[in-house]
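Trainee: Since the structure of chain A is provided, determine the placement of chain B on it from the hints.
Chains as they are written, first to last, in numbering that gives the first Met the number 0: chain A, 0 to 147; chain B, 0 to 660.
Incorrect hints may have been included.
What the hints assert, rightly or not - Covered by chain A, according to a simulated footprint, are these stretches of chain B (three or more residues, beta-carbon under 8 Å):
1. 93-102
2. 113-123
3. 288-301
4. 404-410
5. 507-513
6. 632-638
Everything labelled a hint here was simulated from the structure, so no lab data went into it.
For clarity, every value in this text was computed on a predicted model and none was experimentally measured.
All C-beta atoms in this analysis are idealised placements derived from N, C-alpha and C, irrespective of residue type, glycine included.
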Amino acid sequence: MQINENNKEFKPLIVAFCCNWCSYAGADLAGSSRLSYPANVKVIRVPCSCRVNPMFILRAFQRGADGVIIAGCHPGDCHYTSGNYFARRRMTLLFSMLDYMGIEKGRTRVEWISAAEGAKFSATMNEFVETIHNLGPNKKLEDLRCKE
Amino acid sequence: MQKIGVFVCWCGSNIAGTVDVERVAQAVANEPGVVISTDYQYMCSEAGQLKIRQAIKEYGLTGIVVCSCSPRMHEATFRKTAQAAGLNPYMVEIANIREQCSWIHKDKDEGTEKAIILAKAAIAKLHLNTPLKAGESAVTKRALVIGGGIAGIQTALDIADAGYEVDIVEKSPTIGGKMAQLDKTFPTLDCAACILTPKMVDASAHEKINLFTYSEVEGVSGFVGNFKVKIRKKARHVKADLCTGCGVCTEKCPSRKAPNEFNQGLNKRGAIYIPFAQAIPNVPVIDTEYCVKMKTGKCGLCATVCPSKAIDFEQQDEIVEREYGAIVAATGYKLINLDNFEEFGYAQNKDVITSLELERLMNAAGPTKGTLLRPSDNEHPHEIVFIQCVGSRDVSGCGKPYCSKICCMYTAKHAMMIRDKYPDTKVHVFYIDVRTPGKNFDEFYRRAVEEYGVDYIKGMVGKVVEKDGKLLVQGSDLIANEQIKIEADLVVLATAIEPDPSVKNLATMLTASIDTNNFLTEAHAKLRPVESPTAGVFLSGVCQGPKDVPETVAQASAAAAKVIGLLAKDKLTCNPCVANSNELLCNGCSQCANVCPYGAIEYINKEVNDHGKREVRRIALVNEAVCQGCGACTVTCPSGAMDLKGFTTRQIMAEVDAICK
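Chain A with its partners taken away, still in its complex shape (with noise of 0.2 Å):
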């Protein structure tokens, strides 16, 4: 992919929800493992996937995220039996309303990766922040009163 010539100088902003038993730990183990992305990147530890509330998408978005993904344990293998499954029917829902609100659907993904797959975690960063870049900046639902 090649990334947007006007959107060279931008520099998104992407918020990365992870799972603690299996993404947290596989963006651990590409760590240890020194497989790079980029610092646009910016993990928040969550007990499942399952506890990541619509409203901290929003909230995201609202104050000038660029793009958000949450990474979860594969289909069947949540830590807590069934969570994951919450997190996909709750994200396609919340990512459809979105993107009719005019929020691409690139700019959101749930992805399944497994705290044995640090280059998974990698590989993933590395292509979500490509096609965020392509995307350019996210102006909609910003609210500008969050501004300092």
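Mentor: Same frame as chain A, now just chain B:
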């Protein structure tokens, strides 16, 4: 307002190399609530911890943020540090500036900026932390070992010897596993049966060990210290309490069509069978797929000849529910399917065999009574070719990317044993590398080459084809740099090993994770190699990664030690990060209970005081001992009454805000 201390760790140069730690400490020094912000070389060291303890006392800190490695690494360490200084351990937040910052970024400015933001997010979260008190739960003093091979047996024996009850669940009719099929073991050439069967007898005779053979785990619920497990005892169609193991039924059974699994299908067995002479328990099983009586209703010869009337064609599977404090996975391995390796002609030629088949052909209890004969015509082979790394270290996608670890040594063993028994037989070994790290391993391999004259050829085999009753092996010799052809009588493939397929389903039941090769993942590759990331679940043997017998036994005992450590406790500290419901906001709609995977939410009628208005309401009540803190209910709750301690909605929002500033 909290009084917060921020401690930025250098981790030697691990963090300080890419993150300007001093700048991070300065940048957050003026954040609201921060009263001290400092950096140090190794925060986790005794001196670093002392610094934290002193600061807590000196500044009367109400919470600390440690900017260091992953919380999965040292959160527990710093919680203990805080506790030692009189602070509630849950008033500690970690900003992960090593794994998720310094180690993956190269630009120092970028890394430092990110570290500052992560530190600010942790501070923002800490402002909303409240002291949490961990509850306690009882420990069921019994362990479950899944798999009855050498790994499972050793783990069970060690736990039982420490005085705790152990159940072994084994899916096949006998314990013993793959080791029971082996003839000799490297590097000492001990007879495998001679060292294994006494352990099998010990396990079955041990008063603390309970065997569930021909059984499978069907479901697991609960959590560390309090697992509930459903075990399916498959119908043997033989009453174990009546059977004396005389074996008359197995001799008289007229059906002789079933492949003998114990001999790797090299011969046939009856429909009612005991896998091998030393099987434990020594009780036959009816294979319903081949039993004439079960299929057509006519026969029943075994029932007629059984002197103790133990045959029961009507027997049904039985489900047993048991409680355990700890679970050990010891599910072992199998050889990979060779369909992707057509070049070796395994499916077409009877005389192309796997090493495990050779193991049976050389065993005195095997199909040839220990005489090495070719499967096709029962003749002595005079020229044998071993091919190493069949499916191992294969990145083409046909096989497995990893080294199966045991093949170099067992091939040296096979080659040596064949040369010893049949000195007129020529033995060639095609190899990529010979890997012999292990005590007395390289000496063993050198003996095969120097004393027994085994011909080692560095190179791979391109093709094995049948030619006039012989196998033409075409390969390359990389050292001599030439193509070579060998007319062999027998070709032995050092087939890659992979985790037993049952492990996938088991991993789901145990919520233990597996890696891309389906091996169970350990909690930490170096420091916690026998624990799974799921508390109370332990790993023993090849289910965690390829291992030989000595390593398997070592890991099995290590897993047992961890289990004993757990079962020795009377109470376990629960995770205090559990859900709780705000009784003023809850309207008793039951949606949280519907999504709770643990059934931790019940409803009570309680009188609440809503701004002076007293009324009885139906409200949700979380059972803190059962709740595991996933947070599914918090998002489901339409009125926002449910929240998760330690990860409250406001805390996560504060992190989002700090990151998106």
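Trainee: At least three residues with a C-beta closer than 8 Å to a C-beta of chain A: is that true for the stretch 404-410 of chain B?
Mentor: violated (count 0)
Trainee: Go check the stretch 93-102 of chain B versus chain A for me, would you? Three or more residues, Cβ under 8 Å, otherwise it fails.
Mentor: holds (count 6)
Trainee: Counting residues of the stretch 288-301 of chain B with a beta carbon closer than 8 Å to any beta carbon of chain A, are there 3 or more?
Mentor: Since 0 is below three, the answer is violated.
Trainee: How about the stretch 632-638 of chain B: do at least three of its residues have a C-beta closer than 8 Å to a C-beta of chain A?
Mentor: holds (count 3)
Trainee: Closer than 8 Å, Cβ to Cβ, for at least three residues: run that test on the stretch 507-513 of chain B against chain A and report holds or violated.
Mentor: n = 4 at 8 Å, threshold three: holds.
Trainee: Are there three or more residues in the stretch 113-123 of chain B whose C-beta lies within less than 8 Å of some C-beta in chain A?
Mentor: holds (count 4)
Violated hints, listed in ascending order, are 3 and 4; each of the other numbered hints is respected by the structure.
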